[in-house]
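Participant: Single-letter residue listing:
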Amino acid sequence: MDAIMSVETEYARGKAAHRRRLADLPYPEKVRIVVELQKIAAPILKARGVTAIPWCLTTPDGERNVRQD
Amino acid sequence: MKQALAVLNDMVAAGVIRKYAIGGAMGAAFYTEPFTTFDLDVFVVFGGSDGVIVSLSPVYAYLRERDYTETTGECVMIEGTPVQFLPTSPGLLDEAMQYAVQIDYDGMPTWVLGAEHLLAIAVSTGRAKDRMRVPLFLESGRIDIARLTDILERYALLERWKSWTQS
Numbered sequence: 001m002d003a004i005m006s007v008e009t010e011y012a013r014g015k016a017a018h019r020r021r022l023a024d025l026p027y028p029e030k031v032r033i034v035v036e037l038q039k040i041a042a043p044i045l046k047a048r049g050v051t052a053i054p055w056c057l058t059t060p061d062g063e064r065n066v067r068q069d
Numbered sequence: 001m002k003q004a005l006a007v008l009n010d011m012v013a014a015g016v017i018r019k020y021a022i023g024g025a026m027g028a029a030f031y032t033e034p035f036t037t038f039d040l041d042v043f044v045v046f047g048g049s050d051g052v053i054v055s056l057s058p059v060y061a062y063l064r065e066r067d068y069t070e071t072t073g074e075c076v077m078i079e080g081t082p083v084q085f086l087p088t089s090p091g092l093l094d095e096a097m098q099y100a101v102q103i104d105y106d107g108m109p110t111w112v113l114g115a116e117h118l119l120a121i122a123v124s125t126g127r128a129k130d131r132m133r134v135p136l137f138l139e140s141g142r143i144d145i146a147r148l149t150d151i152l153e154r155y156a157l158l159e160r161w162k163s164w165t166q167s
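As they're listed, the protein sequences go chains A and B. Residue numbering for the first sequence follows the working numbering, beginning at 1 and increasing consecutively. Residue numbering for the second sequence follows the working numbering, beginning at 1 and increasing consecutively.
Everything labelled a hint here was simulated from the structure, so no lab data went into it. Since we're looking at a predicted model, the values are computed, not measured. Ideal Cβ positions, reconstructed from N, Cα and C, are used throughout, including at glycine. Some hints could be false.
What the hints assert, rightly or not - To give a feel for the contact side, a few chain B residues facing chain A, derived at Cβ under 8 Å:
#1 1
#2 30
#3 33
#4 34
#5 35
#6 69
#7 81
#8 105
#9 106
#10 141
As the list claims (entries may be wrong) - Taking lysine-lysine pairs in the DSS-like style, the calculated list, with each CA pair at most 27 Å apart, reads:
#11 A/46 - B/129
#12 A/39 - B/2
#13 B/162 - A/15
#14 B/129 - B/162
Just chain B, same shape as in the assembly (with noise of 0.2 Å):
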């Protein structure tokens, strides 16, 4: 994985993307014990890019230059680990990537969306894999509830994580 993030950190530094944030179930294990998952879900911002479509071809063909052809389902493989590639929308996603927490992997640096906004887009995503991430979190004890709130509440989404949370 290591080596993965050293191509996402050239691409950054190339200038294909201008920013990404590990999110996804690789995200929540920063924070919360580890649990199987099979694929690395990295959050891209483009730079410069205000249109309404975004295309991950750039990404796409910069991988290929470099020989990273594989692909599983919608991952392509890049240093023996599956990553899955997601654009940024306006709204909670890109509020999530300017709250991302730069981290320090094995000496790499790289990037992960802040907990509680991995939260939020859970709910929001709201499928039953994303459910079970939540007792994860909330028992990882590091969800600054008043923060997760707050997000939520801007973000529609209170009821969701009321109905999820009560039951």
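With the rest of the complex left out, here is chain A (with noise of 0.2 Å):
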């Protein structure tokens, strides 16, 4: 029992210290994920009938940054 209680505990903590690593992240970075989770959820989320289009992160200097459906 102490040994599943144990096993818990450190599941647990090392849940907590992955989400504050993630906290942690620069903004950018974590901008660069959330798109990356979008273009995962996107798909999903047509199938339910929602539009929701990922965000365009890279731009050459100079263009303007268009959707590309």
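Can you join these two chains into the complex? Each is in its own frame, and there are hints to help.
Facilitator: Listed below in structure tokens is the structure:
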């Protein structure tokens, strides 16, 4: 029983530490992750009839960044 | 997003708005682990407007003049990012703007609402998705509980906060 509790505690601690590491990432890196999450979520939402378009982050300097459907 | 922030900064420089700050999910994501959202909520303060009715028309007119005419839902597409403009109002939102934090986004100066004010706004708004952000904030270790409690008390949000966090 103690062994199970120990594994559970370690798992919870590891998960919390991982979340803290993610929270400490630089903001631009977080935004990049958000866009990756958008790319995963968009087709799922589309299947439900919800239009959700991932952001465009990369545009050469001087060019207008337009949506690419 | 950097280019969208540049447009927002240009709006401040042009005097269309006095100040702006990122709020909502992307504001929260500054403090927490990243999570899925599809729009950029931007709170805006207009200069010299003490009236009760605040119009976003100058913002939309400025954007239209620069060919940012595409909209999605309540957002305007600015350089590939859907931006929702939200005027502030006296009380919690105005106070939140006063304490907005200036940050650097990849070399671009911008402003984000403070963590405690973002949480208080989430409690005030009270939607399920706002409630889901609470554990993310608390686990981030970025919340000053005394400061948050003070804000929640002053805006009569403490009871709801307790019901959210003690169940």
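Participant: For each hint, tell me whether it holds in the structure or not.
Facilitator: How the hints compare with the structure:
no.	hint	verdict
1	1	holds, 6 Å
2	30	holds, 5 Å
3	33	holds, 4 Å
4	34	holds, 4 Å
5	35	holds, 7 Å
6	69	violated, 11 Å
7	81	holds, 5 Å
8	105	holds, 6 Å
9	106	holds, 5 Å
10	141	holds, 6 Å
11	A/46 - B/129	holds, 20 Å
12	A/39 - B/2	holds, 19 Å
13	B/162 - A/15	holds, 25 Å
14	B/129 - B/162	holds, 17 Å
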